[in-house]
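Here the protein sequences line up with chains A and B, keeping their order.
First residue of the first sequence: 0, per numbering that gives the first Met the number 0; consecutive thereafter.
First residue of the second sequence: 0, per numbering that gives the first Met the number 0; consecutive thereafter.
A couple of the hints might just be wrong.
Which copy is meant is left open, so a pair is good if it fits within one copy or across any two.
Claimed, not checked - With a straight-line Cα cutoff of 27 Å, these simulated BS3-like cross-link-like pairs (lysine-lysine) come out:
no.: 1; residue 1: Lys169; residue 2: Lys266
no.: 2; residue 1: Lys58; residue 2: Lys47
no.: 3; residue 1: Lys191; residue 2: Lys154
no.: 4; residue 1: Lys77; residue 2: Lys58
no.: 5; residue 1: Lys47; residue 2: Lys31
no.: 6; residue 1: Lys77; residue 2: Lys1
no.: 7; residue 1: Lys126; residue 2: Lys154
no.: 8; residue 1: Lys154; residue 2: Lys169
no.: 9; residue 1: Lys1; residue 2: Lys47
no.: 10; residue 1: Lys31; residue 2: Lys126
no.: 11; residue 1: Lys30; residue 2: Lys47
no.: 12; residue 1: Lys260; residue 2: Lys164
no.: 13; residue 1: Lys169; residue 2: Lys191
no.: 14; residue 1: Lys77; residue 2: Lys266
no.: 15; residue 1: Lys279; residue 2: Lys266
no.: 16; residue 1: Lys164; residue 2: Lys191
no.: 17; residue 1: Lys279; residue 2: Lys126
no.: 18; residue 1: Lys279; residue 2: Lys58
In case anyone wonders, no lab produced these hints; they're calculated from the structure.
Given the structure is predicted, the values throughout are model-derived calculations rather than measurements.
Protein chains: 2
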Amino acid sequence: MKIYRLAEIKQHLDIPSVMAGMEEGFVALCKKETVTPPVGLLHFDDPKGDCHIKYGYIKSGNYYVVKIASGFYDNPRKGLPTGNGMMILFDKATGTPVCILLDEGYLTDVRTGLAGSIAARYLAPSKVDCIGIVGTGAQAFFQLKYLTLVTSCRKVLVWGRNHEKALALKRHENLGEFQIEVAPNIETIASKCNLIVTTTNTETPLLFHHHIRPGTHITAIGADDVGKQEIHSALFAHADRIVVDSKNQAMLFGDTFYALKSGLIEKDAIRELGEVIEDKKLRRQNDEQITIADLTGVAVSDLQIAVKIYENMTLGKP
Amino acid sequence: MKIYRLAEIKQHLDIPSVMAGMEEGFVALCKKETVTPPVGLLHFDDPKGDCHIKYGYIKSGNYYVVKIASGFYDNPRKGLPTGNGMMILFDKATGTPVCILLDEGYLTDVRTGLAGSIAARYLAPSKVDCIGIVGTGAQAFFQLKYLTLVTSCRKVLVWGRNHEKALALKRHENLGEFQIEVAPNIETIASKCNLIVTTTNTETPLLFHHHIRPGTHITAIGADDVGKQEIHSALFAHADRIVVDSKNQAMLFGDTFYALKSGLIEKDAIRELGEVIEDKKLRRQNDEQITIADLTGVAVSDLQIAVKIYENMTLGKP
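All chains, full assembly: derive it from the sequences and hints.
What follows is the structure, encoded as structure tokens:
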């Protein structure tokens with residue numbers, strides 16, 4: 000059993016192969032070729048935090064994964080990153096641990112960023128005028144970083160409650176290829192951007208249907224736990240396509256959960272990302288449609304990124 | 000973050016402190032001072048196996064644990080042990096991993112054995128004539144080993160489907176203090192033993208009420224997953240005390256789950272082990288009573304054993 004620390008993991012992260020593996024994972028998930036039980040959730044009150052345990056396997060695969068990822072929101076004040084965690088890969092035939100990826104939550108950030116870029120690949124309008132980023136945390140960075148894989152647009156508007164962090168994102172040394180401006184409010188983002196990614200931890204919706212212009216695609220990745228909601232339910236009723244990574248999870252939490260609960264949309268209106276990858280008819284059909292991808296994060300993505308890194312490590316590939 | 004391998008873990012295992020910690024854990028659990036969500040379960044068909052993920056914390060404590068334990072039943076044919084796994088301890092204030100105990104499932108065996116001895120401490124008859132062990136796997140050994148802490152009886156009858164493994168247990172070099180005989184059938188165990196521990200993986204009940212004589216205590220530790228059942232439900236109806244480690248888990252699986260489902264017992268008849276530790280009136284009251292402890296294994300035991308080992312390691316004890 001091998002144990003890999005973050006520096007080594009970063010060296011062996013081959014984004015194109017991970018992205019391809021994740022697309023295969025989303026397709027396997029929608030075809031019910033995976034076993035991914037409900038997410039294990041731990042909540043902490045003082046200090047406020049949560050820990051998500053995602054686990055599962057692809058039936059035809061060789062491994063199962065257990066991924067542990069935490070968010071403790073007071074950590075930055077202590078000089079620590081908010082997120083932490085690890086991924087553990089096991090032999091599916093024997094239960095033997097194969098490797099521990101001590102990624103400190105990094106791979107969860109990467110696969111969440113890549114899931115956003117996969118959603119944009121299939122749902123964003125053909126011409127992106129400006130990318131809108133709502134929120135200024137780690138995912139604001141990762142979503143932007145991996146959107147370069149699927150759009151040529153480099154104009155960005157960012158908005159968040161913390162103006163300092165918005166300015167830090169604008170000046171981020173690894174986002175130099177973008178022209179990033181800080182928006183005064185979310186309405187400005189909605190009026191100027193037709194590819195919007197929401198990445199906040201909010202418990203009260205920020206984005207409303209009257210904000211959004213026709214032709215916009217929204218990827219919502221912040222509401223990954225009970226109680227969190229970024230997009231007002233009425234916006235779902237105005238969407239031409241509603242896509243989630245996992246329908247089962249969308250029944251339990253996330254923006255889609257609230258939209259369903261409100262009665263403004265029906266379960267049948269929701270498609271899984273794997274279906275959209277497989278079937279062109281389920282993608283955006285024109286540049287007037289409003290599309291939403293609500294991603295709560297799925298175990299099969301953790302599995303696929305862990306497997307790709309392990310295979311790259313053991314095959315000696317980058 | 001420290002990583003400890005099995006040999007080092009075994010060196011730092013201080014059984015009395017672990018046992019005391021586990022009793023505190025059972026008490027905290029019954030007083031609802033713990034957060035221990037439902038067990039995460041993965042099942043595998045080919046080859047047959049399962050993986051249990053237990054996780055949680057004591058509200059007043061410093062750590063949370065994630066414990067991963069697997070059982071793959073074809074492993075012995077491949078020269079591998081059935082069980083495997085690890086425990087990971089995290090700082091409850093920040094989510095930072097504190098240590099990984101690569102125990103290969105050993106600590107799950109130890110805490111399961113100790114839970115059995117704790118149950119016997121409070122529920123076994125005052126004079127144990129003979130210990131009956133049903134099953135011949137790892138728990139047959141661990142249950143016996145730790146019963147030495149709570150009873151002076153060294154007479155043992157063992158029965159299992161696999162006669163060779165029953166003989167191996169009889170000759171086990173680390174059980175030399177016992178006089179172990181192999182019983183021809185489970186009825187012999189029931190007729191001669193008044194402290195019986197069932198440790199099998201069976202899906203059809205083995206122990207029936209007409210087998211059992213008055214004054215017997217039964218600890219059932221095998222049925223730790225959906226579908227498994229060792230004790231026929233009617234035996235519960237004949238018991239004077241029904242004790243479980245976790246009522247919440249007993250609603251979901253295990254022998255008590257089936258007894259409740261059958262309608263032969265009521266939920267109110269069930270007590271948690273922590274209550275029995277706290278309240279003498281809930282223990283065995285005389286040597287004619289039949290008592291059952293149905294243990295499905297709780298995250299708080301994993302937490303407590305991991306914390307005790309980590310503290311021993313870092314304090315340089317024992």
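Verification of the hints:
| no. | hint | result |
| --- | --- | --- |
| 1 | Lys169 with Lys266 | neither (38 Å within a copy, 59 Å between copies) |
| 2 | Lys58 with Lys47 | between (36 Å within a copy, 13 Å between copies) |
| 3 | Lys191 with Lys154 | within (10 Å within a copy, 82 Å between copies) |
| 4 | Lys77 with Lys58 | between (42 Å within a copy, 21 Å between copies) |
| 5 | Lys47 with Lys31 | between (35 Å within a copy, 20 Å between copies) |
| 6 | Lys77 with Lys1 | between (31 Å within a copy, 21 Å between copies) |
| 7 | Lys126 with Lys154 | within (12 Å within a copy, 81 Å between copies) |
| 8 | Lys154 with Lys169 | within (11 Å within a copy, 75 Å between copies) |
| 9 | Lys1 with Lys47 | between (33 Å within a copy, 25 Å between copies) |
| 10 | Lys31 with Lys126 | neither (33 Å within a copy, 55 Å between copies) |
| 11 | Lys30 with Lys47 | between (37 Å within a copy, 23 Å between copies) |
| 12 | Lys260 with Lys164 | neither (34 Å within a copy, 55 Å between copies) |
| 13 | Lys169 with Lys191 | within (17 Å within a copy, 78 Å between copies) |
| 14 | Lys77 with Lys266 | neither (43 Å within a copy, 46 Å between copies) |
| 15 | Lys279 with Lys266 | within (21 Å within a copy, 53 Å between copies) |
| 16 | Lys164 with Lys191 | within (21 Å within a copy, 73 Å between copies) |
| 17 | Lys279 with Lys126 | within (18 Å within a copy, 74 Å between copies) |
| 18 | Lys279 with Lys58 | within (26 Å within a copy, 50 Å between copies) |
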